[in-house]
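Enquirer: Residue numbers for the sequence shown follow my numbering, so the first one is 1 and each next one is one higher.
By construction, these hints were calculated from the structure, which means they are not laboratory data. By construction, the Cβ of each residue, glycine as well, lies at the ideal position given by its N, Cα and C atoms. Some clues are possibly wrong.
No farther apart than 25 Å at their CA atoms in a straight line, the calculated lysine-lysine pairs in the DSS-like style are these [stated by the list, open to error]:
#1 K82 x K69
#2 K228 x K194
#3 K228 x K200
#4 K59 x K69
#5 K59 x K82
Here are the computed distance ranges between Cβ atoms for each label pair [claimed, not checked]:
#6 D189 x I271: 53 to 59 Å
#7 G187 x G25: 28 to 34 Å
#8 D380 x A136: 19 to 25 Å
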Amino acid sequence: MKRIACFIIAVLALAACRPASIEPGYIVQVSLGSWDSPDYTAGEIIDRIDSVSSLINVKKVIIGWSLDKDIYHSVGSFLHGKGIEMLLWLPVFAETDEVCDNIPAVDLWGDVPANYDLAAGEGFRFNCPSDPRNAANIISLYDRCFSDCGFDGVFLDRIRTQSFVGGVNGVLSCGCPECVRRFAAEGVDIDAVKEECTAKGDAFFSVSSYAPETGFVFENPVAASYFKAKGHIVSGSVAAIADSLRSRGLEIGMDLYAPFMAPFVGQDYSILSQHADFIKPMLYRMTFAPAGMGFEYGLMRDAIPDASGYPEFAMELAFLDSQLDAMTPYPCAKYPGIEINYREGVAPTSPGYVTESLEAVIAHSFEGAVLSWNIMEAPDSHIACLGR
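With these hints in hand, go ahead and build the complete structure from the sequences.
Expert: Now the structure itself:
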């Protein structure tokens with residue numbers, strides 16, 4: 001009997017040492033549309049979240065960015081009753097022109113980069129990341145319009161410059177006097193950058209290598225210095241905004257480009273991850289619109305066809321894994337964004353795609369995933385496949 005008892009104790013001890021199977025936590029997003037009239041009522045949102053949370057473990061809801069406070073009060077009361085956090089979806093350097101008097105970003109030659117318009121009519125102008133008035137506008141907007149709505153945190157979106165959707169000049173920004181001064185403080189002479197870019201053409205962007213853990217390595221030292229400084233400048237401005245909001249007792253989430261494209265839009269993961277409670281890299285393999293990984297990479301290669309060194313990237317699971325691996329070193333919580341919405345020609349997703357993407361995320365032992373980009377429009381089949 002003594003031997004049997006010892007065996008049972010040993011088995012129980014071994015079981016206790018094994019890591020428990022942790023159910024992934026999901027964050028869902030509710031896009032309310034414009035600043036003026038929300039696309040959904042509080043009742044519709046509550047019914048949808050109630051239905052979704054019966055299938056999956058919803059930890060947080062990102063909602064915005066209508067000015068209708070009654071929606072947030074009603075939805076927040078419901079969410080908090082279920083132990084779910086509510087975060088304000090807040091755009092920073094774009095899409096606030098209806099409610100803020102912002103200073104636009106310009107390219108290195110002083111021109112406003114072109115917008116990109118989807119067939120649905122979407123498109124937006126980016127604002128200067130350095131001008132203190134733009135940062136003050138965002139903080140004031142939160143304090144005036146959202147501070148009494150019961151939010152647990154803020155999810156910062158549009159925390160970047162324009163991407164290659166605005167052509168080369170969208171990426172070579174911002175070149176206003178304030179940004180030029182900040183580049184100079186980083187040891188970068190913008191006049192020298194312009195001269196080098198004009199002289200080299202597409203070759204200015206050529207790279208010598210790529211690895212997920214290091215990203216692209218630029219052949220031209222002027223280009224390398226420019227993009228490194230740009231990451232410091234843009235991400236430093238975002239960090240200051242995030243810290244100001246955190247001082248109000250708010251959790252901070254951040255919407256990021258996939259690691260391989262982030263440097264082109266000024267997102268430095270090593271800086272941003274130190275000022276965020278969680279990051280949401282947009283790992284969209286089936287989105288043929290801005291932020292889609294293959295879409296953005298294709299636009300870049302079309303914009304600089306004579307630049308060398310850029311490999312072919314198939315938007316398959318191996319590439320998704322490489323981007324998940326690239327996220328691993330950063331200190332904050334990680335909730336990769338996986339698109340579950342369906343839109344013909346724009347996001348032709350399927351339950352199989354959603355399942356394989358989320359399985360890859362779970363295999364990396366991150367805290368969970370963000371189901372992007374609007375739970376109100378996601379097909380039920382794309383959620384049911386994730387059910388408990």
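Enquirer: So, for every hint listed, does it hold in this structure?
Expert: Quick rundown of the hints versus the structure:
1. Only pairs whose Cα atoms come within 25 Å are accepted, and K82 paired with K69 is accepted, the gap being roughly 20 Å.
2. Proximity of K228 to K194 is assessed by CA-CA distance (about 16 Å); at most 25 Å being required, the pair is judged to hold.
3. Pair hint K228 plus K200 holds up; C-alpha atoms about 19 Å apart against a cutoff of 25 Å.
4. Of the pairs offered as hints, the one joining K59 and K69 holds, with about 22 Å between alpha carbons and a cut-off of 25 Å not exceeded.
5. Between K59 and K82 the CA atoms are separated by roughly 10 Å; this keeps the pair inside 25 Å, and the hint holds.
6. The hinted window of 53 to 59 Å between D189 and I271 is violated, with their beta carbons roughly 22 Å apart.
7. Range check, G187 to G25: Cβ separation about 42 Å, and the 28 to 34 Å hint is violated.
8. Distance hint check: the CB atoms of D380 and A136 are about 43 Å apart, inconsistent with the given range 19 to 25 Å.
When the structure is compared with the earlier hints, violations turn up for hints 6, 7 and 8 and for no others.
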